[in-house]
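Engineer: Could you build all of it, start to finish, from the sequences and the hints given here?
Next come the chains, spelled out residue by residue.
2 protein chains.
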Amino acid sequence: MKLAKFGGSSLASGEQIRKVFGIVKSDPLRKIVVVSAPGKRFESDIKVTDLLDAYYQDYKNGKNLVPIQTTLLDRFEEICDELELSELKQFLSEKVISLALLNLHNRFVYDKFLSTGEECSALIVSSYFKKNGLNAKFLSPKDAGILVSSDPCEAKLLPIAYNKIAGLVKYPEILIIPGFYGATLNGEVCTFSRGGSDITGAILAAGVKAEMYENFTDVDGIYSVNPNVVENPVIIEEVTYREMRELSFAGFSVLHEEALIPAARAGVPMLLKNTNHPELPGTQIVPNWTIDMPVVGIASSRGYVIIKITKYMLYRDISFGRRFFEILEKLGIRFEAITTGIDDMSILVRDKYLSAPIQEALSDDLKEILQVDDIVIVKNLAVVTAVSEEIRQQTHITGRATLALARKNIKIETLMQGASEVSLLFIVKEEVENETVRSLYEEFFED
Amino acid sequence: MKLAKFGGSSLASGEQIRKVFGIVKSDPLRKIVVVSAPGKRFESDIKVTDLLDAYYQDYKNGKNLVPIQTTLLDRFEEICDELELSELKQFLSEKVISLALLNLHNRFVYDKFLSTGEECSALIVSSYFKKNGLNAKFLSPKDAGILVSSDPCEAKLLPIAYNKIAGLVKYPEILIIPGFYGATLNGEVCTFSRGGSDITGAILAAGVKAEMYENFTDVDGIYSVNPNVVENPVIIEEVTYREMRELSFAGFSVLHEEALIPAARAGVPMLLKNTNHPELPGTQIVPNWTIDMPVVGIASSRGYVIIKITKYMLYRDISFGRRFFEILEKLGIRFEAITTGIDDMSILVRDKYLSAPIQEALSDDLKEILQVDDIVIVKNLAVVTAVSEEIRQQTHITGRATLALARKNIKIETLMQGASEVSLLFIVKEEVENETVRSLYEEFFED
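Residue numbers (UniProt numbering), protein chains in the order written: chain A, 1 to 447; chain S, 1 to 447.
If you're looking for bench data, these hints aren't it; they were derived computationally from the structure. What you are looking at is a predicted structure, and each value in this text was computed from that prediction instead of being measured. Hints are supplied without guarantee of correctness; some may be wrong.
Any copy will do: because identical chains look the same in the list, a pair fits if it lies in one copy or spans two.
[As the list claims (entries may be wrong)] Calculated cross-link-like contacts (lysine-lysine; reagent style DSSO-like; alpha-carbon spacing at most 30 Å): (1) 112 <-> 2; (2) 156 <-> 311; (3) 330 <-> 308; (4) 156 <-> 367; (5) 156 <-> 308; (6) 142 <-> 89; (7) 311 <-> 330; (8) 311 <-> 209; (9) 311 <-> 164; (10) 352 <-> 308; (11) 19 <-> 352; (12) 367 <-> 330; (13) 89 <-> 40; (14) 142 <-> 47; (15) 352 <-> 311; (16) 89 <-> 131; (17) 2 <-> 47; (18) 352 <-> 130.
Structural biologist: Here it is in structure tokens:
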């Protein structure tokens with residue numbers, strides 16, 4: 001069986017929901033459908049979840065609720081009208097209005113407000129599916145077994161949940177389940193962090209051991225590189241979970257880390273597809289690679305600083321590492337990478353950790369406690385990361401990458417291979433960040 | 001002025017000392033000569049310093065001293081005979097014999113024994129020079145101003161010494177000064193660590209601000225790579241002090257670190273030449289590079305281990321670095337390099353730090369204190385280091401190096417650029433160490 005999760009734009013209008021219907025109907029393996037709240041229909045539109053957030057704020061602040069309630073109801077009514085689901089309108093209207101009866105002192109009241117978008121989405125979809133001949137069934141997260149911790153807005157799945165979730169395979173119907181939230185042991189609605197419908201999808205796909213976790217959005221897949229830097233870049237055809245994780249870490253904003261882990265651990269492949277172009281192949285995230293690609297994606301991120309300290313024969317001092325990291329910890333500086341030499345140690349940190357007073361305190365501590373000979377701080381650096389499982393296997397990738405940059409006279413401040421061994425990090429000055437990305441793209445993606 | 005230091009093999013026989021004479025005479029700028037004790041004349045020969053060590057042991061253990069004294073006296077007598085310095089024989093003989101009158105409870109008695117080789121060398125050289133028309137003068141380290149700390153066998157120069165040493169420029173004579181030892185503030189003889197004649201040379205060259213510190217040995221210069229791995233490798237023409245330091249650290253056994261520092265700090269260039277072939281250019285160690293070389297030397301060293309630990313989202317834990325290095329410090333494990341990733345941290349250590357019980361304690365601590373998910377220990381690794389100042393400037397060197405290895409199907413376990421930025425470290429399996437060295441040599445030294 002397959003689990004299909006649809007993002008907000010796929011549920012933004014009746015027209016979009018008809019596409020969802022077509023997609024689900026076209027493959028009988030699609031037995032579980034997870035839906036987001038209705039998203040934007042056009043650039044300046046407001047997502048239902050944002051409307052619900054505003055609704056909560058108005059309620060909490062004792063404001064007149066009619067305007068926001070009207071906006072919300074209009075939104076749902078319009079979708080119902082488009083889908084000819086007039087019988088559902090009253091039910092959804094009551095759901096929305098009754099939120100303003102909740103006790104504001106309940107820890108989960110905000111979660112309940114926000115979750116209503118996904119709940120209504122799922123109700124609309126299941127009604128439409130049934131009305132159009134699909135054997136569909138709405139199932140609440142609670143009934144689906146998504147038992148979570150009692151952490152408002154930051155729910156974590158309880159491990160015992162998987163027992164019940166595994167039982168979902170027994171339903172004969174196509175299950176329509178709201179994403180984004182679960183139920184606590186006391187039955188309260190508690191949401192995952194925002195964007196959490198992806199988490200719901202991953203948890204359920206893992207729990208039922210789906211053969212595929214399909215994630216439908218409004219993009220054709222994951223670009224191999226930032227399309228604002230390279231025009232019309234290729235879509236990644238296949239990427240491993242590990243590569244995806246490195247790319248996310250290095251600057252790709254695609255899926256929540258938390259949304260990858262459950263599927264990755266369960267070995268369920270994930271397919272990112274476009275609801276508007278389901279015929280396109282999309283991007284598949286797999287546990288193990290099957291397609292040879294020297295580089296799968298190139299990410300980049302700026303705002304880095306290298307702190308380089310020099311102390312004669314530093315490496316001989318066995319307490320140096322501990323004392324150095326004690327200072328960093330005390331000052332709250334998180335390092336992203338380290339290189340060492342006989343007399344030198346360099347660390348890469350994000351500049352947000354290095355405000356003027358922190359930088360001064362660091363200099364003082366390094367001089368006084370570690371008695372370093374010299375401190376050099378290089379600012380305005382970018383980290384360009386090329387990611388691929390093949391980097392572990394094939395030495396020539398580093399060679400091709402560095403020669404490509406050398407041909408463009410791009411100076412690499414430092415080159416590092418991540419400890420995970422699936423990424424190469426090129427630390428360059430910010431002003432050549434985009435040129436570095438483009439040069440690597442040309443080398444590995446254009447022939 | 002130039003300072004010329006001659007190693008043991010240059011003083012091993014009368015024939016060698018005549019070469020020293022010829023070299024010093026040929027350049028009037030050579031105003032200070034530092035000499036080692038007579039070294040080996042042939043492979044199975046025994047160095048005078050080793051004879052003196054044996055002499056001390058016999059004396060300390062109350063053994064019959066006649067055999068060792070005879071061996072020593074024969075050695076000096078032979079040199080004197082070759083150089084027709086019969087008038088010196090009695091004097092040297094008394095020096096050697098009188099060592100057996102020293103008080104064994106004196107802290108510096110061993111230093112005094114050992115230093116006698118250099119002292120006699122300098123006496124022979126100065127006598128021979130004078131007899132053959134050079135205006136030479138023997139000067140003891142004490143009279144030369146080499147004031148040192150009272151650390152037997154591990155003397156360190158006292159900073160105040162440089163005041164007196166600077167005055168050596170005023171001598172009209174060519175000064176012949178024994179290497180290897182200095183005088184404490186109480187006037188005791190105290191030696192540097194072994195091989196310390198190079199230290200004497202560097203200190204004096206720095207102190208008089210020599211335009212060149214010439215270091216004469218029995219090799220043509222520094223090989224760019226281990227000649228046991230590559231046949232007839234090229235001699236390095238020019239290398240910077242920083243490059244030399246990296247090469248020494250990475251496995252080249254050339255000059256003591258301590259012998260480089262004083263000259264490097266004073267900005268005095270050093271020229272390594274062969275007493276037997278003074279017409280050859282030798283290897284020059286310079287403060288700043290003047291010759292373009294993508295790679296100056298390739299060193300390698302085996303017996304390394306990579307300890308790789310994995311912990312989910314390790315990088316988010318701001319105390320991880322400090323706690324990790326606390327464990328290493330407690331277990332006495334010195335790291336040579338570190339790489340980090342989102343979930344991983346790898347350190348490179350020499351295997352001598354990782355005995356079975358230490359490895360077990362490390363695993364236990366990592367699991368219990370740091371609660372790591374996984375520990376992988378990769379043994380039998382070699383570190384092959386390519387060194388060059390140009391590595392800092394030119395990206396393509398990394399590219400050429402990695403492609404050269406890729407063509408030979410050599411897998412690089414990890415590639416690191418040292419924090420000093422003048423070295424590239426290729427961590428490979430020990431069984432491909434020599435092949436890696438050869439491949440890099442071919443790439444950068446053979447056209």
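Engineer: Each hint should be assessed against the structure and marked as holding or not.
Structural biologist: Now for the hints, and whether the structure bears them out:
no.: 1; hint: 112 <-> 2; verdict: within (29 Å within a copy, 86 Å between copies)
no.: 2; hint: 156 <-> 311; verdict: between (46 Å within a copy, 19 Å between copies)
no.: 3; hint: 330 <-> 308; verdict: both (18 Å within a copy, 25 Å between copies)
no.: 4; hint: 156 <-> 367; verdict: between (44 Å within a copy, 24 Å between copies)
no.: 5; hint: 156 <-> 308; verdict: between (39 Å within a copy, 29 Å between copies)
no.: 6; hint: 142 <-> 89; verdict: within (24 Å within a copy, 104 Å between copies)
no.: 7; hint: 311 <-> 330; verdict: both (21 Å within a copy, 22 Å between copies)
no.: 8; hint: 311 <-> 209; verdict: between (54 Å within a copy, 25 Å between copies)
no.: 9; hint: 311 <-> 164; verdict: between (59 Å within a copy, 29 Å between copies)
no.: 10; hint: 352 <-> 308; verdict: both (17 Å within a copy, 29 Å between copies)
no.: 11; hint: 19 <-> 352; verdict: neither (44 Å within a copy, 65 Å between copies)
no.: 12; hint: 367 <-> 330; verdict: both (15 Å within a copy, 24 Å between copies)
no.: 13; hint: 89 <-> 40; verdict: within (20 Å within a copy, 103 Å between copies)
no.: 14; hint: 142 <-> 47; verdict: within (24 Å within a copy, 87 Å between copies)
no.: 15; hint: 352 <-> 311; verdict: both (26 Å within a copy, 24 Å between copies)
no.: 16; hint: 89 <-> 131; verdict: within (15 Å within a copy, 120 Å between copies)
no.: 17; hint: 2 <-> 47; verdict: within (27 Å within a copy, 81 Å between copies)
no.: 18; hint: 352 <-> 130; verdict: neither (52 Å within a copy, 71 Å between copies)
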